[in-house]
Each structure stands twice: as structure tokens, then as C-alpha cells.
Amino acid sequence: MTSLLDVRDLRVTYRTGGGDVPAVRGVDLALDPGGTLGLAGESGSGKSTVALALLRLLPGTAGVTGEVLLEGEDVLGMRWGRLRAVRWADASIVFQGAMHSLNPVRRIGDQIAEPMAVHGTVPAGEVPARVSALLEQVGLPDSRYRDYPHQLSGGQRQRVMIAMALACEPRLVIADEATTALDVMIQAQILALLRRLVAEHGIGMLMISHDLSVLSSTCDRVAIMYAGRIVEQGPAREVVHEPAHPYAGALSAAFPRIGDPASRLAPRGLPGDPPDPADPSPGCVFRPRCAVAETVCATVDPPLWPVDPDAEGASTRQAACVHVGPARPLTATGDGGAPTAPTADPTEEKRP
Amino acid sequence: MSAPAGTPGTPQTSGTDRTGGAGGAAPPTPRALARRRRREALRRFAREYARNRAGLIGLAALLAIGALALTAPLFVDQAELTITGAPGAAYQPPSAEYPLGTDNFGRSILDLVVWGSRVSLTVGFLATAVSVVLGTLVGMTAGHFGASGGTAGRIVSSVLMRVTDWFLVLPTLVLAVALAAVLPRGTGTIIIAIGLTVWPATARLVRAQTLAVEARPYVERARALGGGHAHVMAWHVLPNVMPVVLAQTTLLVATSIIAESTLAFLGVGDPTTVSWGGVLEAARNAGAISSGIWWYMVPPGLAIALVALSFTLCGRALESVINPRLREQR
Amino acid sequence: MTSTPTTADGPPGAGAADAPAPPEPAGAGRAGRVARYVAGRLTTAAASLAAVVVAGFFLFRILPGDPVRAMTEGREVTAEQREELRRQFGLDEPLWRQFLDYASGLLRLDLGTSFQYREPVAELILDRLGPTVLLAGTGTVVAALLGLFLGARAGWRPGGRGDRVNTAVALFFWSVPTFWLGLLLIVFLASGRGFVPGLFPTGGMVAPGADGALETALSTARHMVLPVTTMVAVIYAQYLMIMRSSLMDEKGADYLTTARAKGLRDTLVRRRHAVPNALLPTVTLVFLNLGQVVSGVILVETVFSWPGLGQLFYSGLRVPDLGLVQGLFVVFAASVILMNLLADLVYPLLDPRVRP
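Same order as they appear, the protein sequences are chains A, B and C. The first sequence begins at 1 in the numbering used here and counts up one residue at a time. The second sequence begins at 1001 in the numbering used here and counts up one residue at a time. The third sequence begins at 2001 in the numbering used here and counts up one residue at a time.
Worth flagging that the hints you see were computed from the coordinates, not collected in a lab. Worth double-checking, as some hints may not be accurate.
What the hints assert, rightly or not - Per label pair, the in silico range of CB-to-CB distance:
# : chain 1 : residue 1 : chain 2 : residue 2 : range
1 : C       : 2138      : B       : 1038      : 26 to 34 Å
2 : C       : 2082      : B       : 1186      : 21 to 29 Å
3 : A       : 67        : C       : 2038      : 41 to 49 Å
4 : C       : 2213      : A       : 124       : 52 to 60 Å
5 : C       : 2268      : B       : 1064      : 47 to 55 Å
6 : B       : 1159      : C       : 2031      : 24 to 32 Å
7 : A       : 77        : C       : 2172      : 56 to 64 Å
8 : B       : 1159      : C       : 2030      : 30 to 38 Å
9 : C       : 2138      : A       : 67        : 31 to 39 Å
Claimed, not checked - Part of the chain C face toward chain B, derived, beta carbon under 7 Å:
#  : residue
10 : 2031
11 : 2035
12 : 2043
13 : 2104
14 : 2183
Every value quoted in this text rests on a predicted model; they were computed, and no experiment measured them. For each residue, glycine too, the CB sits at the ideal point set by N, CA and C.
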């Protein structure tokens, strides 16, 4: 079975006046049809860049390499015409901050209808009925059809975005911080709505958020990004509750868990700032903020290892830390040369 | 815009004045520091400006034209510019002796154009000065009292802006022509007529900038320390408004020069001087247009366009240096 | 920054941004807001018009000191003739009386009498209104369409070759005096001595011999080519620059990324999403610049002897016929103010965000 989305060694570099700044440095992701994958990380970790790169929506100053296989077809190698056809019809995006993501001077009904007209997925005569149906699905009355975005509340605008994303019945929905700007109650509603619609239609979803608790409640699997790379991925519950990578641990601890007084009484943050992406120092990028860093960490930048190679389903749980996996304690000789390293080493697995 | 001693542009440093006096030898005094900082800022400014090719071309053209206007008496005989002292025959096409031909009285068009630059540039600069001073005063007053003047201040501010908008909407040329028509003929009248009509754009710009500056914390601090309106406006607002005004001024000179030629062409200029617009009016009145004497009217108009374009290029270059957002988008 | 750059205070805000949107605004509240908005605009326009009336009086009755001397300067006039003129224009009465006469005359659309034509100024203006509206209207529409079209293209790819060429050409035409461009066109395309002799008439509006509606229309069209070209060349530049910077402001907007993600072609993203947003602030500025159009039309009519208000203004200046110039001043200023009022009233219909 071809996976719905298969991202291999995705790299994004922004060319700026002051030199090249790598924002995404070799990301691998996989998502099965109907599956849900969460991508977490603090601001600046490159997670939104990944989302835009999947449909080649980054500005011209961004250089993108690697492979983005959408149902087996490489998005990065597509011609423009094919790419336009794939956008929204095969994969749509629920953007963050729906206020600015909707055109302020066009009626929301027209904006929902637009992709159907562009892709011709619905006969012209049936478009209004389909828009009404979509509005109903996301819990908005039909009377909102002729409203402008500023007449809606933040939650309602986000519902419009979701209706719009479902317009062409895509196989993949990318939700980029879809609930971030909303207050907690609305956020819960929107999450429930997304969960329900995705399950009902069998849509695969890539959900991007800085909020690990949002992801753990919505997604089957979670990947955690730090400084342009994935540092840990695996089944959501495991990653959140028993993080293997120190950064995942810090991120997980930063959100107090309901029913866990210990975490509520001692919420932990993480000292320091994320690294400057333009700074190419060797070793593990997380080392300066890591509580358990060792000397080898200054020279070794570990790839993703299976966390527990002996356990069943070992390949599904990976982390990029010298404290994880079979090769520990690691010596500074081979940069990622450990024999059991899975497919994640960017230096070796270039495209064939 | 020579700043007084102290550091009006960077008031943060004046707070650390240890000696209180100038001329301390060993550690650099605040004043020396300020001077050095200003020098560096100027150098940075020049470097940024130099990266704008169109701006450099405009600047070079302006320097050349300015030099020509200043030295004109050295190679143009004023007597030959009078109708009676005209050296050649009427309507001679361009030749070696008269590179741009002669007019209906036999005067050299080249001499007229070179001499005309003096009046056009003078009027352009002085009218701009009038309008910039007026616009800056109105804009700063409106901005300052609108931001921190209480109820009375807000009333003053809104009245000033209503007046500004009124002038802004009005057809500039009609107002300027009307002024020039009813006041006694002369260069002074032209300067006032232009200066009184082109200021509103400056006022709006300065007001916006003033409001932005007044919102900054150090202005708040100055006010909390007991700085009066005059102090805040002169020491904190004005230095920060100046760069924007400078760019606007450069653009306004172009407008003013075009306006001067237009007034002269409509016959409300100063008939006793030689200006580019005046030459064009004379060409039209002499019937040079309908008889196709192109060399009579092409050179003065080109001169106007060249000078106006140069000022515009310089102004846009200054704008882009001052406002980095524009620079990125260039 | 979502406030719109209208004059003075912007239209009433767009309303709650974050609070859950109210259901459909209640009819009464909405009507009330509309009424308040319209009343505010009308008051502002009325105040501006009053200011024009006062300014007209001040400019032409007080500033010259003795208007009769200003009008007869350089002419042989006896003291009796001066007195006669003074009485004729009512200048022998006290100033407040003069102002009342003048202001009440304006209310009756009486703009005084022309010294030069010995006719009511209002009638002179009415006679020549048509040609000016035709010329200024055509010129503005063509210039606005051209400027907005080119500006939208230039602003979509700032720094590209199309942008650089467009901007350079626009700046050049902007730097050229209107009247000189007109003169150039006459010399080279109409004078009979230029490179393409006699392609177009040098001036006027209709050839003397033309009769019949069709022939008149064709002749008028031929006479309009050069004047309209001149007007367009000089005023399209500002529309281009306004549209260009307005579009550049929109370029980074998130909703454009949404539109691209939907699979729209680049041209469609520009036309359907970016331009409509950029157009709105532009509309206000276009109306704000109508004063420039008036300036342009005066010069173009003067150069091409177009029988309209501009030429009338010029002929009033030459005499000088202060009564005529004053009347035209009031008419020009008032029409610009009324057009701006119209823009203020129409704008909310165009922009859903500021709809009261």
C-alpha cells in the first residue's frame, strides 16, 4: 500500500542578504491514508515551513530539496499545471490565524466555492448546495453564506477554513496551527470537529502545533521538531508520556497534565533560546540547552534511532539522541555511522 | 539641519552625562561621542544612498545643473538676453554659432535656457522652503497636541488637519494662479503662491511621523521629567521628523519647479525675468508652436523635465534609505 | 494597519473583531449608523464648501486691495471709468455688505458678472461645462484604467523588468510639465511643419465645416486625441504609483497564500484576490487627486484651445477678469469637494469592512 504522504530528506534553505539560512534540515515523515500525524515544536523550529513546502507555497527565496511523495507522486518535481491540480484537490491546508487567511473583501460562501470551481470537482449548478452542506458540516448556519470574514468570530472563521479545506474532498488535510489563536473552549470544539470530519471522510491529517497536548489528543502519531529536524517520533501517547529525547521531555513537561498533580505543581520550562539557524556549529543542536549533555554531544549529531529495538513495532518509535538506541555510549568517530541507524541519516541517504 | 550640541537624535545617551561640561580630555565626552556617532550615521547613510543607482544619477545631474546655474554669468552675456541686445537673426535653426537656434528676437535659446535655470532653481528652492516650513509647523503642531495636548489640544489638532485636508483637496493650480493673479507681479509672489499651495502633503506626512515618534518611550520619559511642549517638540520630535521631511523636500522641489513654469506659462509669472516657463510662454505667444519652430520650445521643456526628474530620483532614493521597508521592496 | 486612508477621520470601524459576531445587525441600528455616517460626511462637505466661499471672497475682493486697479493695470482708464466699474461691481459698498451680496448670490447660483464678456459668469460657465466634462471625464477614466492596470502589474513583481520600465516611464511623464507635452504634440503631430505633418488638428473641438451628428462626433473625436493623450500621460503616473504601492502592501498577505494553495493560477490570485483588496485604498486616493485633474484640464484646454472651462479660466486670467476667475475658482473647488463627498459615500458600498 502506498502511503498517503511520504516526505524524504526534506530540506529548506532561505537565501537572505546575509547568507543562506537552513530552516528545515532533513525531515522524514510518513502518513498512511486516513492516519493522523502531529508535528510539534516551538516557534522557529521549521514546522510551518514544512507545511508550506509540502505544496510548494514557500516564497522564491526558499530553496527546497528532497522528496515529497503525495500518493507516490513527487510534489517537488511536478510541473506547474499538475501542481495546481494537486493543490487543494488532493491536499488542502487549514491555515493558522483564519482572520488573515480569508480574503477580507469576498463573501465566505464564494471563498468556499472557489476551489470547487477552479478544480471542477462539482458541477457549477450544484456548488451553492455543496457550500451549504459544507457550512452545515462545520456547524455554521446557511445564512452565513453571504457574510464577510470580519462579521464572524475567530472560531467561526476557523470553521469556514475547515469547510473550505474539505470543499474538494482531499485525501490529505494539513492543519497548520489551526486552533492556536482560539480560546480554550472554542479550541476544544474545533479539535472535536476536525477529529470527527477526518474520521468520517477517511482523510489523512497532518496537524501542526506548538501545543503537544492538542496533538496528543488528536493524532495517532507525533513527531517533534527542533531546529529544523525531527528529534523524536512515534505513537502519540508514548512520545508524550515517556519521551526519549531530552527536548521532547522538556516540551512534554511544559504542559501540565490534567490529573497529574506533580506536573501541575512543578511545570517546567526550558532555559535558553532555540539555536540560530544560520549558525553551523557541529554536534547536537540541542546540546546548549540539554540537561544530560555529554562531551560526545559536542561532536556527534545523532540520527533517529529506534528507541527500543527489541520491542515489538520498534521501527515506529525513534529519537535522535546519543542516550537512545543500541550504539550508546557512542564514540566520536563515526558521524551517524552506527550500523543500526535506520533510514534517517541525511548524509548518506541522498536520492538515488 | 545642523543639530545643536547634545544628542537630540539619541536622547538616551544624554542621560549619562557625567562631567556636565564639554572638553574633558581623557574619556570621550558625551558630546564627542555624539559627534562621532553622527559622523558614522552620516557615513552609513551615504553608503546606503550610493547603492541606489537612479539616486546617484539624479544627484550627479543636479550637481551639474547647479554648477551651471551658479556659473552662468561667466559665459552668458546678460545684455544679449534683452530684446534689443539680441545678437542673431530671428528663428535661426540650430547651428555652430547658436547650438539651439534663436528665438523670434534673435536671442540664443541656449543662453536663455542656461540663464533660466537660475530663476527656476531659485523659485523652486524658496517655494519649497516656504511650504516645508509651513507644512512641518502645522504637521508637528497637529501631531504633538493631538497626542498630548488634552481636549483643547485635540481640538486644535483636528482643526489644523481639517484645514490641511481642505487645501489638499483643492486644485493646487487654481489656487496658485489665483494668488499670483491678485498679488503684485514678481518673483516673490510666485514663491508665495507656490509655497502656500503645496504644503499640505508635507503637513500630513509630518503629522503621521510625529504621532509615531510621540508614542516612543523616551518621549514619555522626557514628558515625565517635566519637558514642556516646546522642549519635546524641538528636542525629540523635530530631529526624528527631519529625515522624512528631507526626502519630502527633495520631491517638493520638483513639484515647485514644474509649478513655477506652469504659472509663467499661464502668464502670471514675473515678466521681467528669464525663466523656462517664461520662454515657453513667449514661444507660444510668438506663434512658434503652430509654425513648428521646435527648437524654441523643446529645450526649455526638456530642462524642466530633467531637473524635476533628477529631484524626484534623489527624493525616492532618500526615501528608500530612510524607510527600509521601501528599500526591500524596491 | 487596517484603517482606511480616507480624509480626516476614517469611516466608523468595522466592528467587533474578536467577540462572537452579532447576528444580522438589527435594521434600526444599522439605519441609524448609516444616517450618522452620511450626516457626518455631509457636514464636513458643507464646511468645506463654506470655506471655499469665504476663500473666494478673500482672494478676489480683499487680497488685491483694489480689485478695479488690479483689473485695469496697464490700461488707460480715467478716474470716472474706475468709479463706474467700482459701482458696477458693488465695490463701493462696505465689505460686509459685499460679502452678503456675494454669498446670497452664490445661493441663487449667481456668480456675478464677467468684466470681459459683460455676461453673467454662471451662464458662461454653463455654456462651456460640456466640453470640459467630456475632456476631463475621458482623460480621467483612461488615465485611471491605464494607471491601475499598469500599477497592478508593476506592484505584483516589484523590482522586475516590467516594474522598472513602467516606473521609469511613469516618473518621466510625471516630471514633464503638462503644457509642454501638449505643445510638443502640436509641433510634431499637428503643426504641419513637424515630422508627421498635420495628422491631428492643432486645437479646437470641432472642425468648422462639420455638420450632421456623425460628422460632428467624428470630428470631435479627432480633435480629442491629442488633448486626451496629454492629460493621460501626465496624470496616469500617480494612479500607477498608488496602485503599485498598494498592491505591494497586499503582497505578503496570508489570504494570498490561501488562494495559491487552492490551486489558483498566479494571474487569478492577483486579479481575484490581491487587486480587489489593493483597489479599495486606491479609490480614495484617486478621488483625493481630482484637484490634479482640474489643474491638468486647465492647461490642456489652454494649449489646445479647447472651448471649455479651462480656456475660459485662462482668458479670464489674461485680462484679468477677476469676476470670472472668482466664479471659476468657486466652481472648480466646489466640484472637487462634491466629488470627494461622493467618494466618501460610495466607498462603504465597495469595501465591506467599513460598511457602517
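Given hint residue 2104 of chain C near chain B, where the shortest CB pair must fall under 7 Å: violated (22 Å)
Hint check for residue 1186 of chain B and residue 2082 of chain C - Cβ pair distance inside 21 to 29 Å: At roughly 23 Å between Cβ atoms, residue 1186 of chain B and residue 2082 of chain C fall inside 21 to 29 Å, so the hint holds.
Status of the given 30 to 38 Å range, CB of residue 2030 of chain C versus CB of residue 1159 of chain B: holds (31 Å)
Outcome of range test on Cβ distance (residue 2213 of chain C, residue 124 of chain A; 52 to 60 Å): violated (44 Å)
Residue 67 of chain A and residue 2138 of chain C - C-beta distance against the hinted 31 to 39 Å: violated (58 Å)
Beta-carbon spacing of residue 77 of chain A to residue 2172 of chain C - inside the hinted bounds 56 to 64 Å or not: 45 Å Cβ-Cβ, so the 56 to 64 Å window is violated.
Interface restraint verdict for residue 2035 of chain C against chain B (beta-carbon cut-off 7 Å): violated (22 Å)
Residue 1159 of chain B versus residue 2031 of chain C beta-carbon gap, inside 24 to 32 Å or not: At 31 Å between Cβs, range holds.
Chain B contact restraint on residue 2043 of chain C - CB to CB distance below 7 Å: violated (11 Å)
Restraint satisfaction for residue 2031 of chain C [CB to CB of chain B, less than 7 Å]: Hint violated; residue 2031 of chain C Cβ to chain B Cβ min 27 Å, cut 7 Å.
Satisfaction of the hinted span 41 to 49 Å by the C-beta atoms belonging to residue 67 of chain A and residue 2038 of chain C: violated (60 Å)
Verdict for residue 2268 of chain C, residue 1064 of chain B (Cβ pair) under range 47 to 55 Å: holds (48 Å)
Checked against the numbered hints above, the structure violates hints 1, 3, 4, 7, 9, 10, 11, 12 and 13; every other hint is satisfied.
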